[in-house]
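Asks: Residue numbers (the working numbering), protein chains in the order written: chain A, 1 to 116; chain B, 1001 to 1109.
These aren't lab readings, by the way, just hints derived from the structure by calculation.
Hints may contain errors.
Claimed, not checked - Straight line, CA to CA, 20 Å or less: simulated SDA-like cross-link-like pairs of lysine to any residue:
{"no.": "1", "chain 1": "A", "residue 1": "K55", "chain 2": "B", "residue 2": "D1095"}
{"no.": "2", "chain 1": "B", "residue 1": "K1036", "chain 2": "A", "residue 2": "L46"}
{"no.": "3", "chain 1": "B", "residue 1": "K1068", "chain 2": "B", "residue 2": "P1081"}
{"no.": "4", "chain 1": "B", "residue 1": "K1017", "chain 2": "B", "residue 2": "A1084"}
{"no.": "5", "chain 1": "B", "residue 1": "K1036", "chain 2": "A", "residue 2": "K66"}
{"no.": "6", "chain 1": "A", "residue 1": "K64", "chain 2": "A", "residue 2": "S18"}
{"no.": "7", "chain 1": "A", "residue 1": "K104", "chain 2": "B", "residue 2": "H1058"}
{"no.": "8", "chain 1": "A", "residue 1": "K66", "chain 2": "A", "residue 2": "F39"}
{"no.": "9", "chain 1": "B", "residue 1": "K1096", "chain 2": "A", "residue 2": "T17"}
{"no.": "10", "chain 1": "A", "residue 1": "K41", "chain 2": "B", "residue 2": "I1044"}
{"no.": "11", "chain 1": "B", "residue 1": "K1036", "chain 2": "B", "residue 2": "S1082"}
{"no.": "12", "chain 1": "B", "residue 1": "K1038", "chain 2": "A", "residue 2": "P8"}
{"no.": "13", "chain 1": "B", "residue 1": "K1017", "chain 2": "B", "residue 2": "L1105"}
{"no.": "14", "chain 1": "B", "residue 1": "K1096", "chain 2": "A", "residue 2": "E59"}
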Amino acid sequence: GAVVSQHPSWVICKSGTSVKIECRSLDFQATTMFWYRQFPKQSLMLMATSNEGSKATYEQGVEKDKFLINHASLTLSTLTVTSAHPEDSSFYICSASGPGPGAKQYFGPGTRLTVT
Amino acid sequence: SQELEQSPQSLIVQEGKNLTINCTSSKTLYGLYWYKQKYGEGLIFLMMLQKGGEEKSHEKITAKLDEKKQQSSLHITASQPSHAGIYLCGAANTDKLIFGTGTRLQVFP
């Protein structure tokens, strides 16, 4: 099956700094990428949908100025958590899908962010 | 907006026992996915169901979608410690996936 990677797998940063997380589709062109966050013992919550070359669509309640998403190519999307705070500590997972409605999503292994 | 409720929230079973996890949607399901997640890791795709009454099996896991397409069940036969993890159902909503509340499964020897 298709492979999606995330980097880094875990990161610790100080409050007030920014952190960038990369999501790459390794063997297919991902026209759409999705970013989720997951708190301990909770399900995945969709944060935003990004299409290559266009602005991301954010879910209600997600601050677009805080969570900057860039989908500059068909194999790479980045999520930047700006001015991170301890409450941003979470597990961030991306997924990627190819073209067409109902295309299957392939999930990355996730990135654990801890803000101290 | 569509919501998916899973039950039970958590499950502890003895190895060898059968178990069932349910996923109920507030709206008609046009595509229902089942995933497994080990804590702190990504999602492993298990199965996808689309048609009312559809049933799929893979190894010891069977998933069904009811005729009305609002409820799905995941059944594990003769559970093993390797089945432990978080099970998530996901509903296809245009190009998005909306996830259920999750079921944490523990299997003890």
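Asks: Let me make sure I understand: some of the numbered hints might not hold for this structure. Which ones are they, in numerical order?
Replies: Checked against the structure, the hints that fail are numbers 3, 5, 9, while the rest are satisfied.
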